[in-house]
Amino acid sequence: VSKSLEALARRVEKDPFFLAGLLADYAGSENLNDAGLAAALRCEPETLTAIRLCRAPRPDRAGFRQDVDEIAARFGLDADRLTAVVRRGETLRRLRSAAPSGHGFLAAARDGEPPPESEP
Amino acid sequence: MHLTWPSTEQGLSLHRRLCAGEATAPSDFAVAYTDVLGAWIQTKNPRADEDQCQDAAHRAILAFIHRPSCYDPARGETAAYLRMSAQGDLINLRRREDRHNRGRVRLKNVEDVVAGGKYLETTDDAAALSFDEEKARRDGAVLAAVRESLTASDQRCLDLMRQGEKQTAAFAAAAGFSDLAPNEQARAVKRVKDRIKKRIQRAGGGP
Numbered sequence: 001v002s003k004s005l006e007a008l009a010r011r012v013e014k015d016p017f018f019l020a021g022l023l024a025d026y027a028g029s030e031n032l033n034d035a036g037l038a039a040a041l042r043c044e045p046e047t048l049t050a051i052r053l054c055r056a057p058r059p060d061r062a063g064f065r066q067d068v069d070e071i072a073a074r075f076g077l078d079a080d081r082l083t084a085v086v087r088r089g090e091t092l093r094r095l096r097s098a099a100p101s102g103h104g105f106l107a108a109a110r111d112g113e114p115p116p117e118s119e120p
Numbered sequence: 001m002h003l004t005w006p007s008t009e010q011g012l013s014l015h016r017r018l019c020a021g022e023a024t025a026p027s028d029f030a031v032a033y034t035d036v037l038g039a040w041i042q043t044k045n046p047r048a049d050e051d052q053c054q055d056a057a058h059r060a061i062l063a064f065i066h067r068p069s070c071y072d073p074a075r076g077e078t079a080a081y082l083r084m085s086a087q088g089d090l091i092n093l094r095r096r097e098d099r100h101n102r103g104r105v106r107l108k109n110v111e112d113v114v115a116g117g118k119y120l121e122t123t124d125d126a127a128a129l130s131f132d133e134e135k136a137r138r139d140g141a142v143l144a145a146v147r148e149s150l151t152a153s154d155q156r157c158l159d160l161m162r163q164g165e166k167q168t169a170a171f172a173a174a175a176g177f178s179d180l181a182p183n184e185q186a187r188a189v190k191r192v193k194d195r196i197k198k199r200i201q202r203a204g205g206g207p
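Chains X and L, in that order, are what the protein sequence lines are.
Counting from 1, position 29 in the first sequence corresponds to residue 29 in the numbering used here; the numbering is continuous, with no gaps.
Counting from 1, position 109 in the second sequence corresponds to residue 109 in the numbering used here; the numbering is continuous, with no gaps.
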């Protein structure tokens, strides 16, 4: 993965169009670095850049399922694990917009939704 | 690294997938074009700043992903459209920097350098403060001298500070700390920022 492509993937973390922000929020809530996030998704760390640059799944149920399945199939991910990670990211995003000060929203998100299990 | 332009057919296919809203299309498009576009614009503008060239390529790629319908395949190849878009973005970035260097200094962007340690919480371009030409030149000279003395990764961090970047992840990526845990990243980034600020202060740009 080139530095430019990696920089692009980091740049779009603030853009809700992309999956990157949801993955960053999940990683932040679990205190994960790239290796940890890759382990949570069961992929190689090098694959994270391309995954981050995917479009975020649509909010409606059918669209969400279709998008998660498409991304999971494209990168060989477990769709259920990806779903759990994305849902956590979405929860954090909602909490952050509801509580601008940000105090305690990470803990609240962790309380509200269990992370994917480390073993199948 | 993809340093070969995708074929016409690949470009059309990616454009069609973006228009159709496929979730993986933005990623495939970015992977296919980012590196080759960045390399092209640097070659086309050999005297341009490397970071500005990358920024211009990124802007063109993101604009295309967000608005694929703005591109009409009947009027030319995807690659040609991207090259024109990136070149335009680079021109705009350089004009912006020229204006910046001519005397309009946003306090937020240079943090406490120009303000002598004070930090103004303003993000609006309209709120940008004008300083007299001499002061702007002096501050610009201090920053340029400090930048010269820094390592490449510290230079990237200084550039981010000047751009008003606040995300730790962005600094971590620039400094090569992406692999660290977030709390370690934050500490490492703070050390880099403190080191840069100290250099600026010593050079006469701070309190």
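Calculated directly from the structure, the hints in this document are not laboratory data.
A couple of the hints might just be wrong.
[What the hints assert, rightly or not] Listed below are the simulated BS3-like cross-link pairs for lysine-lysine, each with C-alpha atoms no more than 30 angstroms apart in a straight line: (1) L/Lys198 / L/Lys166; (2) X/Lys3 / L/Lys197; (3) L/Lys190 / X/Lys3; (4) X/Lys14 / L/Lys166; (5) L/Lys166 / X/Lys3; (6) X/Lys14 / L/Lys190; (7) L/Lys166 / L/Lys193; (8) L/Lys44 / X/Lys3; (9) X/Lys14 / L/Lys197; (10) X/Lys3 / L/Lys193; (11) L/Lys166 / L/Lys190; (12) X/Lys14 / L/Lys193; (13) X/Lys3 / X/Lys14; (14) L/Lys198 / X/Lys3; (15) L/Lys197 / L/Lys166.
[As the list claims (entries may be wrong)] Counterexamples of contact, computed for chain X against chain L with all Cβ distances above 12 angstroms: (16) Asn31; (17) Arg52; (18) Glu70.
The beta carbon of each residue, even a glycine, is placed where N, CA and C say it ideally should be.
Hint check:
Note on L/Lys198 and L/Lys166: the hinted pairing holds, with a Cα-Cα distance of about 19 angstroms set against a maximum of 30 angstroms. A distance of roughly 26 angstroms separates the Cα atoms of X/Lys3 and L/Lys197; the hinted pair therefore holds under the 30 angstroms criterion. Between L/Lys190 and X/Lys3 the alpha-carbon distance is near 22 angstroms, which keeps this suggested pair within the 30 angstroms criterion. Between X/Lys14 and L/Lys166 the CA atoms are separated by roughly 11 angstroms; this keeps the pair inside 30 angstroms, and the hint holds.
Simply put, L/Lys166 and X/Lys3 have alpha-carbon atoms about 20 angstroms apart, close enough for the 30 angstroms limit, and the pair holds. Taking the CA atoms of X/Lys14 and L/Lys190, the gap is near 21 angstroms; set against the 30 angstroms cutoff, the hint holds. The straight-line distance between the Cα atoms of L/Lys166 and L/Lys193 is roughly 11 angstroms, inside the 30 angstroms bound, and the hint therefore holds. At roughly 20 angstroms between alpha-carbon atoms, L/Lys44 and X/Lys3 fall within 30 angstroms of each other, so this suggested pair holds.
Restraint check for X/Lys14 and L/Lys197: the C-alpha separation of about 26 angstroms stays at or below 30 angstroms, so the hint holds. Restraint check for X/Lys3 and L/Lys193: satisfied, since their Cα atoms lie roughly 21 angstroms apart, inside the 30 angstroms limit. Using a Cα cut-off of 30 angstroms, the hinted pair L/Lys166 and L/Lys190 holds, with the two alpha carbons roughly 11 angstroms apart. Between X/Lys14 and L/Lys193 the alpha-carbon distance is near 22 angstroms, which keeps this suggested pair within the 30 angstroms criterion.
A hinted pair counts as satisfied when its Cα atoms are at most 30 angstroms apart, and X/Lys3 with X/Lys14 qualifies at roughly 18 angstroms. The hinted pair formed by L/Lys198 and X/Lys3 meets the criterion: a straight-line CA distance of about 28 angstroms does not exceed 30 angstroms. With a C-alpha separation of about 15 angstroms, the suggested pairing of L/Lys197 with L/Lys166 holds against the 30 angstroms cut-off. A Cβ of chain L approaches the Cβ of X/Asn31 within 12 angstroms, the least distance being about 6 angstroms, so the stated non-interface status is violated.
Its closest Cβ contact with chain L, about 8 angstroms, brings X/Arg52 to no more than 12 angstroms, contrary to its assignment away from the interface. With a closest Cβ-Cβ approach of about 5 angstroms to chain L, X/Glu70 is found to fall inside the 12 angstroms limit, against its non-interface label.
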